[in-house]
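Please take these sequences and the hints and turn them into a complete structure.
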Amino acid sequence: MDSEQIGPFEAYRGLRRAHTGTQLERVFRALCYVLHQWCVYPSSGAPATSVPKRRARHEDKGSSDDGRLLLLEFDKLINIVCRMWDKMFQESGLKILDGIEGLTQEELRKIVRFQPPAQEFPGTHGPGRARRKAGSDDLVYLTRMAEQLVEEGFPYFAFEPRDRMGSHSDEKQRDGAERRLKSDEPHKWVVRPGLAVGDETTFWGGAYTQAEIDLIQRTAIALSRLGPTEIRALGTHKDQRGTMEEIRRELRWAHKACERLACALQDGRLGIGDASRLREYAHEARRKAILNEDYYASAYETMVRELSDAQLKGAFQAVQKPPSLVWGHEDIQKTREKVGLAVGVADYVYGIAFFSEHPEELSSRREGKTAAGHSFEEGLESLRRLGIAEIPGSLSAIVEGNTGAIKGPAAERLRALLKDI
Amino acid sequence: MVASCRPPQVRAHTQPIGQELYSFLSSEILTWQPTLIIVVERRGTAVLRALKECSKHLMCPWQDVVSSRVLQQHSADYYRNKRILIFDDMMTGGSHVREVFDSLSAIDPSGVVFQNIRVAVFAKHESAVSPSTHIQPGVTEAFFYRALTTPAYRNTRLAIVSMLQSAGSLMLDTEHIEVRVRVKGTFPEFLAALGRKAHVITFQSGGGRRNITVLYDDSDPAHELDRRTLPENAITSGIVKKCRVVERAGDEFALIPMCYPGTPDDPTDWRNPAAYEQLLGDPRKQSGEARFYGTALLSALSVLQWALKGLYAAGQEVATVYLPGMAAEDNPPDGFTLNHLRAMYPTLKLERLIDAIGVIDAEAAREGSDVRGRSAPPLSQTDSSSGNLRQNAWTLLQVIRHVLDNRIQEEKLFDPLWKRPHPFGLTADEVFALGDHFGWQRAKTSALFDMLIDDCHLVTHVMKSADQDGICRWKRVFEPDGEMVSDLVRMYSVQRGLPDGF
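From first to last, the protein sequence lines are chains A and B.
Following the working numbering, the numbering of the first sequence begins with 1 at its first residue and continues without gaps.
Following the working numbering, the numbering of the second sequence begins with 1001 at its first residue and continues without gaps.
Bear in mind the hints are in silico, worked out from the structure with no lab data behind them.
Do not take every clue at face value.
[Claimed, not checked] Derived EDC-like pairs (lysine to aspartate or glutamate); straight-line CA-CA distance at most 16 angstroms:
(1) 1285/B <-> 1265/B
(2) 1412/B <-> 184/A
(3) 256/A <-> 1415/B
[Stated by the list, open to error] Chain A side only, calculated, beta carbon under 10 angstroms to chain B, not exhaustive:
(4) 94
(5) 97
(6) 101
(7) 115
(8) 121
(9) 130
(10) 132
(11) 134
(12) 253
(13) 257
(14) 319
Built from N, CA and C at the ideal position, the CB exists for glycine as well.
Given below as structure tokens:
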């Protein structure tokens, strides 16, 4: 498009007529295909009988790869596919977008005609592709849209509770979970392809150009070599700027939770809800600042190796930067120190908040055996390692045994500690 | 020297939309006989000014006009017993008019002020509410177009924007000082004079006028603001410090200096308000927003001096400067006035401002002649034809919308009940940082701001926020102009993608 056409008035006319519904249908179908390829590829932890002739996925250090992808991880797989799709569209279709209707069939075969009509936005568990609801600030993530489509009888995907096959599954609890939005608890749901792929020519149904099919097939093959944690890391990060923003966002949220906790401390209390959120944000920041680097690196290496097509490999490398460029920056190194402190404070405070809420657990002398007790101990140890002095080392020095109120001097110290985040 | 009066270059009411606007507003004024007109910023004010520039028959002197941004600067007594006409060009949800009523309600909780109010909106969207039934019972209302479908509404908006661009866009604002120059030398000589110690970008506005953005960056100590005239904790770096130069006729240009320091919300921060007081009254008795605009006006005088110095350094053969004069009439037959500032600065002592501009002009002339002939290190000069500025402006708008959308989502994720405040924009420093991401010089990013504002794609507001040093300050922020522009930008980004790195 000529630059002059994107003027104040031409912008209104120059917009492509949006065929959003059709585009979304094609994107969901393509994602179903990619997920299918991932699921049928033998995983490191799956029974050896699944697809014996093919090499299994290499071991994913992050979690046990039992051939199931959580909705949370699928959300990140969507990100990877869509980033590459965007890039391939920008390399081909975008350049001739306004003349696309005049192309011959042969010319059309070689281009990706559109990009997925959804953008990456911040999410509770990292970025996710979403669309904005008309006339509102609310977003609908593609994972939620997929869930809605299933409810409406368009089963591109199938969802099942994570613990359905687990030995500790509780029927009642699961029924409750069924009624909640799956996309609100993406770590509790497994997603499977809902459409049978079978004969691929039939599956594509003439709705895709050859370039689009190549993009989807080749991306699917490469992605099927990644374990769930690698997918999560690769889909969460793409460059230094975005990663830095993700970490800062978690720290900003942690800071807000700290402000609420500090406010509650004026009444000698610590809300367990806010303490729990602080812990979640701090640990998520650590995942993004530190833990994801290794998984990203191995995922990146695998993708570069497995993407045989030079153009596609170039697109991948354009949208996903090498790990050294993502985490190597001085700013991120500096932020890691902050994140370490946030995790220590969050663990420590969470333990205190729990026993403040349940003082009876203190008197029963079980504090060391509970998860909250462990959290307190870990937090305490981290803070001492970081050289934070004068912090109470025992819960009984902080929490009143009978009421659960936070003792005055401890509250003062906690407020100061929360201010540091 | 006072300029001889020139007729406005584009007569707004010679365009069909201008005729309709003129017919609507003049008949409202004739029938309602308002003693006060409240203009809704920014386009409501611009439309009124465009129409006033064209016709002396529009009976609304600037002293009886007040901008919606500064309503709080008047007491309840000022509004009581007045016949008020609230004028806006367009209405979708009605939020702007609602804000005016909210402000008036806060000023006069008794509601007496609402006894004689009429709302005149030129064009209403089909989803627009009725002010009398949804905002303030009892008020009367008028419209020229109503129940417009989205495409029709969009076309009307485009026609109004086009009319404003033809009339000079920025020259229609009521918050800026203006000085005029007639170029006697060549245009490149004029540019060289303006860019003597500044970065200069030229571009053509949507109305076909030549525009020049002259940016004074923070690196030159000569372009530091005089902190003695500012509040103690004012922010003076990373802010807008520039002179817009807009073509009026072939050889005549308007010099419009702008400067927006971040000003502390705490009025006691002002230790030495003498300079402010002289022009605008006691800042400690004014609202934070009023102090922000007042400080901006005061600071713009420094920018004006830098611009004039460059011209005087180049000599009389390059350009002649014409200063505003005092006249009761808004459009006197000879010369020009700054009477329009009354709408935006109700406490302004206009005569003193005119005097101050005269003093600045004399100082600039003296400083200019001192340095005449001395060479200054050449700074950047960019022309739109080589810079592809319009494409870049659009890219910047996309990214601004995207960053704001991310912020909205971040807030909603933390607190699902969070509602977007108004305004909700990016500061100049944040937008400059976005430009840095693309490797653009700050002068270029600054010119992109100007293009987007002239095109009514970007709108400016003033927002209060706490800084890292814990001080709450008022700052100028930028956001896409309304939901219509935002939706357009979002749709564009979804269909064509965001720039690399976003």
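Checklist entry - In ascending order, which of the hints set out earlier in this document are inconsistent with the structure? => result 6
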